[in-house]
Amino acid sequence: MRYNDLELDVAAYDYMTAGCSNYQCKRQNMSLPCIKTLKKHISSHTEDTREGILMIAPLVKYLKAHDYPMRVVLSEDGTPVSPNPEYDCKTDSIRGLVAPLNENGMPKQDLFIASSVAKLINDLDTYTVGEYLYTILATPLVPKASPFCIFYMCTDNKFTHEDVLRRWRYIETQLANAGITVVANASDGDPRLLTAMKCRTGLPREAPCKVYGPHFVAELGDDALCIQDSIHLINKLRHSLLDPKKHMYLGNFTIASSLLKQMMDYGDKSVHKLNPSDLNPLDKMKFDPSIKLMSSELIEHLGEVVPGSNGTVAYLKVMRLIYQAFIEENIPPKTRITAIWALPKPACRTSVPSTCCERCTCLGPR
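Read in order, the letters of the sequence shown are residues 133 to 498 in this note's numbering.
Keep in mind that the hints were calculated from the coordinates and are not lab data. Each hint should be verified, as a subset may be incorrect.
Dumping the calculated DSS-like pairs for lysine-lysine here, alpha-carbon to alpha-carbon at most 27 Å [as the list claims (entries may be wrong)]:
1) 401 <-> 424
2) 405 <-> 377
3) 240 <-> 193
4) 222 <-> 193
Produce the entire structure from the sequences given, and follow the hints as far as they go.
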């Protein structure tokens, strides 16, 4: 019996989501394609996703299929995985081992081909077993567009900032050859990535910038912009605020989550909309609590209900400015630019030691 593409798609989806046993049970009770046919159909519609290979052609196909502009932001991060080397019959090689990086900061290819039992054993004895999966995503410059994975590799997390710079340069060149412009490189707070960003932007620049003023200290060249992931940055600020072991001050004022708890006790929940779980310092992944803390209604209510909360109010305003500058949609360009240029002032204030502001009694403009 022949099946059309739609029937094969439905059967393949059921096979991949419900599993082989479930699919075989259904096949005994109705007419469905055999598993061999399904695997052939899935393979014919699957792009090559080999480790350490840039998936540029699938990215171009993805952008064109959704009519997205050929401009993306690259973001990268690593996550721990269970160290477990295994044989890949499709490539006749061992995966799960860490390959050395080449002159472009990319892992060397075809290094772990299982050409013989002796070589297989030697590779397992010689090379490190990877404990991290490192991925790079390309996000189109369209609101709510899904990111696309263009690269992944197994790593021991021992690369340097120089490897990062070489990898950025290589990936940007390869994407440019395919007609894709990399607008920015984003990452979390990894020191090697931040060091690479600092090198690329020439921070700190000693000579004043004639175009943007004396307080602009970055070098603007032809390279892609370097930014720390804004969601990660906002969540880090929330973690610092909720951490009971951290003590932060702004002049004579304390920046603490205890002031938020006072607002929950004496304030109006219909205004602040906080729940006790939103102030849980152990929950570091959710972004919704950060959204609540940055609301203008909560910030204003905190200042009205809790005396001496000026420092915490200023801290939450910094978080809100970051959100407006880099994440919030559907705001006027002037508002976004204002948020970007307003960021350094409160951020600098929060870094000033309290001994420098012993007479500070308000947080108004100076």
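Here is how each hint holds up against the structure:
no.: 1; hint: 401 <-> 424; verdict: holds (12 Å)
no.: 2; hint: 405 <-> 377; verdict: holds (25 Å)
no.: 3; hint: 240 <-> 193; verdict: holds (26 Å)
no.: 4; hint: 222 <-> 193; verdict: holds (24 Å)
Against the hints set out earlier in the document, no violation occurs for any number.
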